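Novice: Generate coordinates for the entire structure from the input sequences, incorporating the hints supplied.
Top to bottom, those sequences are chains A and B. 36 is the number of the first residue of the first sequence in our numbering; add one for each residue after it. 256 is the number of the first residue of the second sequence in our numbering; add one for each residue after it.
By construction, these hints were calculated from the structure, which means they are not laboratory data. Among the clues, some could well be false.
One-sided excerpt, in silico: chain B residues whose CB lies under 7 Å from chain A [said to hold, decoys possible]:
1) A350
2) Y353
3) P354
4) I357
5) K397
6) I399
7) H408
8) E415
9) K418
10) H421
When the alpha-carbon atoms are kept at most 25 Å apart in a straight line, the in silico DMTMM-like pairs for lysine to aspartate or glutamate are as follows [unchecked claim]:
11) A:K79 with A:E175
12) B:K412 with A:E192
13) A:K79 with A:E160
14) B:K414 with A:D130
Everything numeric in this text was worked out from a predicted model, so none of it was measured. From the three backbone atoms N, C-alpha and C, an ideal C-beta is built for every residue, glycine too.
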Amino acid sequence: MKNKILISAFLFIGMAVGYYYFYNTTGNVKHLDPISFSHYVHTKQHKIKCQVCHRGVETQMRAGIPNIDVCSMCHSSIIDSTSKKEFVIYSYVKDNKTIPWKALYNIPDYVYFSHRRHVKMGKLECSDCHGDMTTQTSPELQNFTPFKMQFCFDCHESRGVSTDCGNCHH
Amino acid sequence: MPRYGMVIDLNKCNQCGACVTACKLENNVQIVSKENADMGRAMYWMKMLDINYEGSYPEIRPTNIPMLCQQCDEPSCTKVCPVRATYKRDDGIVAQIYPQCIGCRYCMANCPYTAKVFNWLKDEQPVENEKCYNTDVSVRPKGIVEKCTFCIHRLQKAKENAKSEHRKLEEDDYIPACAEVCPSNAIYFGDLDDPKSQVAKLVHDYRKFTLQEELGTKPKVYYLSAKSE
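Specialist: Take a look at the structure:
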């Protein structure tokens, strides 16, 4: 009995410490990306459109996560010497190293999803699936919407798009 | 709505097997080891079916015909699937939904053409082969049934391209890999309901026949041969 209480106490403390470190009190959310990328700074302050960095969004199946080839278009030299983040990204560009971004939106390999089909032809906004990214000051921790088939179905049915299984699963 | 079908001219076919290879590569069909192939686990969506042998060994001359899913108008496989993993689409293509399949193999047992194959093994290809995977087609896991879908992913791409160019889907836009690669142009593909299409004209040819017509499955793959097989 005593052991059980001890184990549960340790578990509780462990969970509390984990929670504290994950959502720490300063408000800075811990994420797994190497750089705390701010969509707000890029899209709102510098007025860069989504397509500039996510190059494939209108032409290809995958929108693509930009890496140093895209970053170096602007960050080939230090623009803001007070920014620590920029120094990190500059060091990646200078050393010609790939930035190990963590992809948050992963679609299972048995689903065919084309960004081109949805964005260019379906005239969907990025925010319909990804939420309003222009207000994000640090990388997201979880998906804007749970990527379940019901989410796809609801949207397809409301817009009168085909819900044939073979269109997405092949 | 179109009704896609195929015509294979056996008088033009030189039995080279290019269609078999193209199909295997296009659809990421698993390549199994020799030991497993000997156990009847070889996987082909399109195969060369031996129908006749002439002469005697070693001067034997086999007659093969390209054999794929017959994409029946009255498919027998869809009727027995307990989870609707295989079904006939509005455009006539009999599709297989891999995440839905439970691997009971009722459809395989009920298919008179043995066109369906079962994944006996986990797909473990050499690293070099993985680089050749077609990203438009999923790699099927172990324990499910798969089949020819007339390269349905190509239809999706063709529709996308046609829409982006603000035009209707034309006959040449969508063609399966086997028909595209055939060096003697023996495989024709198109809309059977479109009177202008070549396949619609060819199905009225006097040489036309379908496999196992007596079963009433109404295949949409037609064969042309001057010899009655």
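Novice: For each hint, tell me whether it holds in the structure or not.
Specialist: Comparing the hints with the structure gives:
no.	hint	in the structure
1	A350	4 Å, holds
2	Y353	6 Å, holds
3	P354	5 Å, holds
4	I357	14 Å, violated
5	K397	13 Å, violated
6	I399	10 Å, violated
7	H408	5 Å, holds
8	E415	5 Å, holds
9	K418	5 Å, holds
10	H421	10 Å, violated
11	A:K79 with A:E175	17 Å, holds
12	B:K412 with A:E192	22 Å, holds
13	A:K79 with A:E160	16 Å, holds
14	B:K414 with A:D130	43 Å, violated
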